[in-house]
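Colleague: Here are the chains, one letter per residue:
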Amino acid sequence: MRRRDFLGAVAALAMPGSGRAGRQPGGRDWLFAGQPSRRSADSMLIPMDDRQADHLKAYGVTFRALKRGGQAEWLLNYRGGSFLLPSSEQVRRDAALAGVVSEQVSGGQVVDIRGVIEGSNMDAVPLEKAPKVAVYAPPSAAPWDDAVTMALQYAGIEYDQIWDAEVAGGKLREYEWLHLHHEDFTGQFSKFFLTYSGSSWLREMVQQNVRMARNLGFATVAALKKGVAAEIARYVEEGGFLFAMCTATETLEIALAAKNVDVAAQYSDGTPMDPDASAQLQWDGTFAFEGVQLEISPAIASFSDIDGHQVNNPARRQPLGAFRLFGFSAKIDPVPAMLVQNHRDIVPDFYGLTTSFNRARLKPGVTVLADEQGAPWVKYIHGDFGQGTWTFLGGHDPEDPQHQIGDPPTDLSLHPNSPGYRLILNNVLFPAAKKRELKT
Amino acid sequence: MRGRNVSALLAVWLMGAGPLTAQTDLVRNARELEQRGRYEDAIVLYRDHLQAEPVNFQALLGLERIYTRLGRVDSLVPYLAAAAAAAPTSEFVRELQIRVWNAKEQGDSVEAVIAQWMEAAPESPAPYRQWAIWLAQQGRIPRAQEVLREGQARLGEGALAREVAEVLAFAEEWVAATEGWRRAVRMDETLLPAAVASLREAPEHLRARMLGLLDRGQSAGIDRRFAADLLLTWGRAEEAWSLMDSALPEDRSAAIAMLSQFAERARQVRTLGGARARGFALARLAELTSGAEAERARLEAAQAFADAGELRAAQRMLGGVSLDPREQRSDAAATMAALIRVLADAGRAEEAEELFRQWARSMRGEDEARLREKLAWARVREGELERAERLITNDSSVGVQAVMGWIALYRGDLAGATERFRAAGPYAQSREEATRRTQVLALIQRVTRDTVPKLGSALQRLGRGDTARAVRELADAAERLPARGGRAAVLGFAGELALQTGDYERAEGLLLDALAVDADGPSAPAAQYALAVSSAKLGRNDDAVRLLENLILNHAESAVVPQARRFLDQLKGMVPRS
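As given, the protein sequences belong to chains A and B, one line each in that order. Under our numbering, the first residue of the first sequence carries the number 112, and numbering increases by one thereafter. Under our numbering, the first residue of the second sequence carries the number 24, and numbering increases by one thereafter.
Derived by calculation from the structure, the hints in this document are not laboratory data. One thing to keep in mind: the hints can contain errors.
Restricting the straight-line Cα-Cα distance to at most 20 Å, the calculated cross-link-like pairs of lysine to any residue (SDA-like) are [stated by the list, open to error]:
| hint | chain 1 | residue 1 | chain 2 | residue 2 |
| --- | --- | --- | --- | --- |
| 1 | B | Lys127 | B | Gln161 |
| 2 | A | Lys370 | A | Gly328 |
| 3 | B | Lys595 | A | Pro527 |
| 4 | B | Lys595 | A | His526 |
| 5 | B | Lys595 | A | Gly328 |
| 6 | B | Lys595 | A | Glu269 |
| 7 | B | Lys595 | A | Arg175 |
| 8 | B | Lys595 | A | Gln272 |
| 9 | B | Lys595 | A | Asp256 |
| 10 | A | Lys178 | A | Gln201 |
| 11 | B | Lys595 | A | Lys370 |
| 12 | B | Lys595 | A | Ser524 |
| 13 | B | Lys595 | A | Gln201 |
| 14 | B | Lys595 | A | Asp271 |
Partial list, computed: chain A residues near chain B (C-beta under 7 Å) [unchecked claim]:
| hint | residue |
| --- | --- |
| 15 | Trp255 |
| 16 | Tyr265 |
| 17 | Pro425 |
| 18 | Ser524 |
| 19 | Pro527 |
All C-beta atoms in this analysis are idealised placements derived from N, C-alpha and C, irrespective of residue type, glycine included.
The task is simple: from the sequences and hints, build the whole structure.
Modeller: Below, the structure is given as structure tokens:
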């Protein structure tokens, strides 16, 4: 048997719906010998409890089913937040290739499941359309630099990478869901100047940002980022879904509050930070925080008192604990309930430039999705803004709690059941939910 | 880590506490009662003793233990106040007071004790030290640093240098801590081990800057030794030796002491580099010493070099030692055993066996048996099966069973090899050998014939490292086997070998042949996986993806599936390529 024959036979088998083809020309009936028998079933349940072998890819299987024009239901609080999909050859094949555990369920079994859901703190939310996803990140960023792109990549969820030029050009409105990479919207390059002043990557990052500011007609990078922050706020106000992690959360808020205040250090924009900056910040146009005190020293890689853990401030650094996901009523509060679907309630914490959010700085009306019991900070928050919603998760990488610059990228195939990464993927699927269900 | 560091700090500093008074009968009786759990009776005795002698350390510690256990630590306060009044400068009493107030979470009282202590002993660094420790434990690092600066301003920079460095390291200000330790160690060289231990956890990316502070053009010898010890503790033994070599003092006896210490520390590194660095240090030590001391250093250096796989260096060291097997020196026999091992591993079985014949009688029985097995293995790899067999005839250990299994296999006696390999179990020989044995066992178990000399000689060729020819011979041997009686398995095995050597075209041909012979047998999933890898190597990622998908869908229960899934993820860019 030669290569072409062999691969031809394999390709025929790999085509969706090819089924068992029996004996093939050239005697290659071996290809079909091991194929599992198929029995007809109405639906396929993807359990998300401890039976699931790969929780993260399960989101990808569901996303792709929606992308193909199919429909799905998210069974909130049912077996860890399971998915129910119409059974099809394509979905079965996709799940098998991804190593995602799925269960064929008959119409009668679906009725039983619905009975359980009806009588408990559970709900079935229809998922209608795969959201169009954008990740705000510089063009030079590799997917392995950021937990969200790693999760999307691993789950096989398509996304576009956009940056300042696209935001300035009004492209944001083409997307349903926007993730902010760990950008510093104060324009201070994450305050890495002291520790990494000689590093080529930092030089490159600065040059790239300065070039972009110049191209878009801004005098400084700080001014450019304020403009981008304002565009992002407008995007959410008009109905977009925003998800941000790590330092993007804190600096986005500061940039929005600092419209007419210089909050950038001298090394960034040529003028020192306004010594009275904290008092002049305007918090009425921000998403989550208010009354924040900025970190004035350019030498301390911390931005404000929003972050509870202050990882780069040795005098104030707090040790990592674990955070607890709140339980919500699936029928009354489906949005927060979707965002916290998980097979674990307690999740080990992880550092980022912004690790957590000081409870005292939260605006009234912010929904806390997870906190550390007894600690003055929360980890995961959510809220509405205009027609849209925003969600902030502190920390950099749920499976690399002490992440350092230069660490090897996290390989998610070693963490297929990561509860921390599930939180990220909950956010990606949440905009797929049917609108009427979201507005409660 | 922080808690552990502070405890270590505290433990080290507490060692400076004054000597304890002799135990009186009363205290001994109280201790016995305490051990029997009769706490109230013990309290009465301890208290009685403190009435007569308020600063009795044993009694105070006894009361602290019991009251803490009973949750009544308050009751200790008046006894500590009496002790402090009687001995206001006693470090022991003050530390105990701080401990008690700290346990009660009364920070103001801790600070009051320290103020009293400073007043009573204005020239002592101890109150500053204890205050700084307590603040560090509270996470108040900047305040701890301020206190130490105040202490230095009052007592001179020489005082508290160690503590300044310790607190900086505790705050993970690694570069500043290195500078702090550099100053402290220059004032007191005995602090070097503490300095190195304190900086051990410094992150990788800061280490070059830390070393830069210590190893500059005009650095003092002690700074370079400091840098060498840091490198050693970070596992960079050879760089450490280069620095140490350049930092050796002129004074011969000081240099000898430093070399001995370095060699001992390098022994703990447990890497080839560590063994090599130890060898260099001991060789230099041999140059600086004479007579029996030099001879011992050479022997140890030879063993270290042998452990590092440095055959020539080991032999050069032995050249300077007059060795006679009849003297039955255990150190010489141990060195020779190491040398024989290295010779055998290097494929110099003849020389190894000659040395073994000379020294075998000086060796311990266990060492001798292990060397026999090693030598037999070296002979097997050379293809000298009869000579190998003669070396281990009367031994039934599992290691020898494994060697006998290989001998049977290379003779084509598959049934005999299977029996011996099973008897050897999974732990004989090295881990790599055990894995190789298991793989071969899996292969020959799929061959339905008991004896296949051509397969044996092909595997022997493989064992001797001639993979390309082994692949051809395996393909040839496979032709003589029944289609489902081992032909597919051997062809698949040959294909995987060709893949490993980078001969992807040949690998692809063999693997396709294997699958054509038996597409659903037990060796098929591995062959398909290997075929996917070769396709990817040949730049045909689409083919590889289809093959992997086919494998996952049609052999869902195969042990290869997780590997296939991971490779599929990599090909699709879903996970980083490691």
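Colleague: Next, verify each hint and record whether it holds.
Modeller: Verification of the supplied hints:
| no. | hint | in the structure |
| --- | --- | --- |
| 1 | B/Lys127 <-> B/Gln161 | 13 Å, holds |
| 2 | A/Lys370 <-> A/Gly328 | 17 Å, holds |
| 3 | B/Lys595 <-> A/Pro527 | 17 Å, holds |
| 4 | B/Lys595 <-> A/His526 | 18 Å, holds |
| 5 | B/Lys595 <-> A/Gly328 | 39 Å, violated |
| 6 | B/Lys595 <-> A/Glu269 | 12 Å, holds |
| 7 | B/Lys595 <-> A/Arg175 | 15 Å, holds |
| 8 | B/Lys595 <-> A/Gln272 | 18 Å, holds |
| 9 | B/Lys595 <-> A/Asp256 | 18 Å, holds |
| 10 | A/Lys178 <-> A/Gln201 | 12 Å, holds |
| 11 | B/Lys595 <-> A/Lys370 | 43 Å, violated |
| 12 | B/Lys595 <-> A/Ser524 | 13 Å, holds |
| 13 | B/Lys595 <-> A/Gln201 | 18 Å, holds |
| 14 | B/Lys595 <-> A/Asp271 | 17 Å, holds |
| 15 | Trp255 | 5 Å, holds |
| 16 | Tyr265 | 5 Å, holds |
| 17 | Pro425 | 4 Å, holds |
| 18 | Ser524 | 5 Å, holds |
| 19 | Pro527 | 10 Å, violated |
In the structure shown, a violation is registered for the earlier hints numbered 5, 11 and 19, in ascending order.
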